[in-house]
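Trainee: Listed here are the chains, written in short residue letters.
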Amino acid sequence: MLYCISVLAQYIIAGVGDVSVDPSSPVPIFRQIAGYVRRAVAAGVYRPGEMIPSLRAMALELTVNPNTVQRAYEELEREGLIHARKGRGMFVTTHGATFARDKSEEAVLAAFEQGILAGQDANMPGERIRACFEQAWKHTRLETKTDRTRQT
Amino acid sequence: MNDSTPFAVETAGLTKLYGDKAAVEDLCLQIPVGSTFGFIGPNGAGKSTTIKMLMGMVRRSSGTAMVLGHDAANRAEAVKHRVGYVPELHYIYRWMRVGEAVAFCRALYPTWNDGVCRELINLFDLDVNKKVKHLSKGMVAKLALLLAIAHEPELLILDEPTSGLDPLIREEFLDGVLRTICERSQTVLFSSHTLSDVQRLADTVGIINEGRLISHCSTDELITGTKRIRAVLHDGCTPGESPDGTVWQRFQRREWLLTVRGFSQNTLAFLKEKYPVDNIEVMDLGLEDVFKDVIRGRRASA
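Sequences listed follow chains A and B, in order.
The first sequence: position 83 = 83 (our numbering), numbered continuously.
The second sequence: position 150 = 150 (our numbering), numbered continuously.
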């Protein structure tokens with residue numbers, strides 16, 4: 001359940017966020033990079049037809065191996081979010097932003113499913129699992145609100 | 001000359017005995033050209049001995065070790081020019097000025113690149129007029145890296161390069177290494193205890209324990225493929241047979257903790273079928289936990 005909340009928090013609370021990776025996180029670095037680009041595309045930091053940072057620029061910015069960045073870009077290419085233009089770099093596809101938002105939805109869905117399964121494993125009835133969701137919803141919304149007030 | 005080998009480093013059955021004790025035993029390692037290999041293991045596991053055998057500084061007892069297609073034991077000059085090495089203990093003459101140390105190394109390498117050298121002096125903020133003995137530990141480490149990469153080697157070998165450095169110097173140091181990885185598709189082998197650095201830089205990881213290589217795979221595969229499972233067993237039940245790939249386990253009260261490599265749904269199916277479980281949970285692990293569990297598991301079973 002905790003895992004579920006932390007994954008959700010990543011998607012709900014985090015905006016586009018900093019470009020930085022957390023090497024101590026159990027989420028592999030290439031996934032963290034792919035997640036960052038996805039959020040940035042969904043939020044319109046990079047628009048369809050625009051170029052995303054090169055492997056080298058991204059690797060130096062994050063201090064990670066360029067092969068790791070490449071692995072992230074390959075994943076995004078498979079999802080149809082970006083495509084390569086020979087000798088020029090990686091560009092956001094026409095439907096890139098839509099794909100990015102769909103993918104975020106998928107991740108949210110998967111996180112909820114995890115939570116529901118955790119509840120079922122603990123023999124909780126459906127309404128109690130739903131109550132947990134409501135509670136988590138209120139909790140995270142409260143947290144985001146206080147975060148924002150603190151920032152302003 | 002055989003320069004077309006796909007591996008920058010290739011060893012088979014590499015063994016080093018000190019008396020009748022093996023420091024390195026039957027080590028088979030293949031590091032493809034262009035990859036960055038992180039070499040991790042507890043103190044005294046054999047990392048430095050392996051590196052010294054690759055550098056031809058320690059004579060092997062048996063097996064083979066090829067570096068850039070040549071036998072490492074021959075220490076051919078042509079190969080030495082193509083390798084950059086930062087040892088655990090820096091060997092730069094302490095009485096020299098930084099500029100003199102640079103000029104000294106420059107004369108040794110026909111492929112020395114003055115442009116790269118200047119760029120690194122700026123990047124690392126090194127003062128060429130300062131004496132080496134007056135440099136801080138971090139500055140000496142950066143100078144050692146500069147001297148190891150300014151001749152644009154094809155293979156860079158680093159023995160615990162960031163140990164004892166503060167976080168800012170470490171970042172600069174890694175940045176320097178990364179630049180050379182990015183500019184040329186250089187092969188890097190580095191040993192480290194700083195697992196976050198390994199996770200950042202290495203695309204493949206080898207774990208060595210008591211002289212033996214016990215894991216060698218891609219960093220991502222190691223992290224995504226290894227999970228911790230927490231199963232709560234029914235009263236009176238104790239664990240027997242554990243699922244395939246279990247590297248470490250502990251049973252306390254009703255709680256059975258297992259760390260499993262090559263985790264899949266079959267792992268869970270196995271547990272659920274064999275044992276009456278009340279609750280089962282799967283957790284992700286970072287490189288540090290994976291490493292600790294792999295080593296702890298070895299020690300427990302030994």
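Check each hint, because a few of them may be wrong.
Here are the simulated distance ranges between beta carbons [unchecked claim]:
hint	chain 1	residue 1	chain 2	residue 2	range
1	A	Glu105	B	Cys28	39 to 47 angstroms
2	B	Arg212	A	Arg47	30 to 38 angstroms
3	A	Glu113	B	Lys272	17 to 25 angstroms
4	B	His90	A	His95	38 to 46 angstroms
Bear in mind the hints are in silico, worked out from the structure with no lab data behind them.
We put the CB at the ideal spot given by N, CA and C, even for glycine.
Trainee: So which of the earlier hints does this model not fit?
Mentor: When the structure is compared with the hints, numbers 2 and 4 turn out to be violated.
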